[in-house]
Amino acid sequence: MTAEVKMEQDYAVVCLSGEIDLHSSPQGRKLILACLHDGRPTLVDLSAVSYIDSSGVASLVEGFQLARERKLDFALVGVSAAALNVLKLARLDKVFPIYANVQARLAAV
Amino acid sequence: MAVEQRLEVPAQPEHLHEIREVVQRAAEAYGFDKDCVRDLVLAVNEACMNVIQHGYAGRNGPIRLEVVSQPDAIEFRIRDEAAPVAMSAWKARDLNDIRPGGLGVHFIREIMDEVCYLPTPDNTGNLLSLKKYQIGQGMDV
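Each protein sequence line maps, in turn, to chains X and H.
This note's numbering applies: residue 1244 is where the first sequence begins, and numbers increase by one.
This note's numbering applies: residue 70 is where the second sequence begins, and numbers increase by one.
Because the hints were derived from the structure by calculation, they are not lab data.
Check the hints yourself; a few may be wrong.
To be verified - Using 25 angstroms as the maximum straight-line C-alpha spacing, the simulated DSS-like pairs for lysine-lysine come out as follows:
(1) X/Lys1331 <-> H/Lys160
(2) X/Lys1331 <-> H/Lys200
(3) X/Lys1331 <-> H/Lys103
(4) X/Lys1337 <-> H/Lys160
(5) X/Lys1273 <-> X/Lys1331
(6) X/Lys1337 <-> X/Lys1314
(7) H/Lys200 <-> H/Lys103
(8) H/Lys200 <-> H/Lys160
(9) X/Lys1273 <-> X/Lys1249
(10) X/Lys1314 <-> X/Lys1273
(11) X/Lys1249 <-> X/Lys1314
As the list claims (entries may be wrong) - Chain H stretches covered by chain X per the calculated footprint, using a threshold of three residues with CB under 8 angstroms from any CB of chain X:
(12) 83-97
(13) 115-129
(14) 157-168
(15) 173-185
Yeah, the Cβ is synthetic: ideal placement off N, Cα and C, and Gly gets one too.
Taking the hints into account, I'd like the entire structure generated from these sequences.
Here's what the structure looks like:
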């Protein structure tokens, strides 16, 4: 997995790619939570995620909850078919705000 | 019944991708479609994660995976040397309770047709059996 943060307007965009598993998910979790602790609304781009397991999903849930506590915007963007399948299995596809891409989220603000 | 593949790796997160590769190859060779292969990879990965996180809980030990090909089903057997676990200890969380963690058991039960512990030869550790039938062959449990 690779993980990087880009800025788009006021938003931090955490771009995760490749396989997110128990080995790699702590890195993504750390970035997501750091953006939120910095007080930034945060989008997580999952467009290049080829695999995600429950540890990766847990990181997203943790981000979602921290954002809610801090009253910050948090959404998933460009969710790949592989990631969406797992979110659906977890019945979380209706819980997370999901947008086609970063621009779609920014346009809806 | 034939054992198609065997793999032994240390119970550490960085070895999970090796397990996933074996499961993917075996499920593809068995003839499951792409979506089913993807789900089987997830289910076996989750079971091995449970061994790492809850079975060994930070201690070292092996995970041995066997893929058993049967006429009507594929079976993944996961052997560990952690403290014995009872099936009753497997608790999937309420999905309406939105919180991190606890999803692995739900994924496994949702994807696999049969999930059970088999007796181990020396009564130590665990031997978990995850079975998936060909479409139309199995029963959900």
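Given the hint that X/Lys1314 pairs with X/Lys1273, does the C-alpha gap stay at or below 25 angstroms?
-> Status holds; Cα separation ~19 angstroms.
Given the proposed pairing of X/Lys1331 with H/Lys160, does the C-alpha separation stay at or below 25 angstroms?
-> Holds, at roughly 20 angstroms.
Mind checking the alpha carbons of X/Lys1331 and H/Lys200 for me, to see if they're no more than 25 angstroms apart?
-> holds (22 angstroms)
Counting residues of the region 115-129 of chain H with a beta carbon closer than 8 angstroms to any beta carbon of chain X, are there 3 or more?
-> Holds, because 4 residues of the region 115-129 of chain H bring their Cβ atoms closer than 8 angstroms to Cβ atoms of chain X.
Is X/Lys1273 within 25 angstroms of X/Lys1249, Cα to Cα?
-> holds (15 angstroms)
Whether chain X covers the region 173-185 of chain H (at least 3 residues having a Cβ closer than 8 angstroms to its Cβ atoms) | As far as the region 173-185 of chain H goes, the hint holds, because 5 residues have Cβ atoms under 8 angstroms from chain X.
Count the residues of the region 157-168 of chain H with a beta-carbon closer than 8 angstroms to any beta-carbon of chain X: does the count reach three?
-> holds (count 3)
Regarding the pair H/Lys200 and H/Lys103, is the alpha-carbon distance no greater than 25 angstroms?
-> holds (17 angstroms)
For the pair we were handed, H/Lys200 and H/Lys160, check the Cα-Cα distance against 25 angstroms.
-> Roughly 19 angstroms between the alpha carbons, so the hint for H/Lys200 and H/Lys160 holds.
Quickly compare the C-alpha distance for X/Lys1331 and H/Lys103 to 25 angstroms and report which way the hint goes.
-> holds (17 angstroms)
Take the C-alpha atoms of X/Lys1249 and X/Lys1314, compute the straight-line distance between them, and say whether it is at most 25 angstroms.
-> Judged against 25 angstroms, a Cα distance of about 21 angstroms means the pair holds.
Does the alpha-carbon distance linking X/Lys1337 and X/Lys1314 stay inside the 25 angstroms limit?
-> holds (19 angstroms)
Of the numbered hints given earlier, the model fails none.
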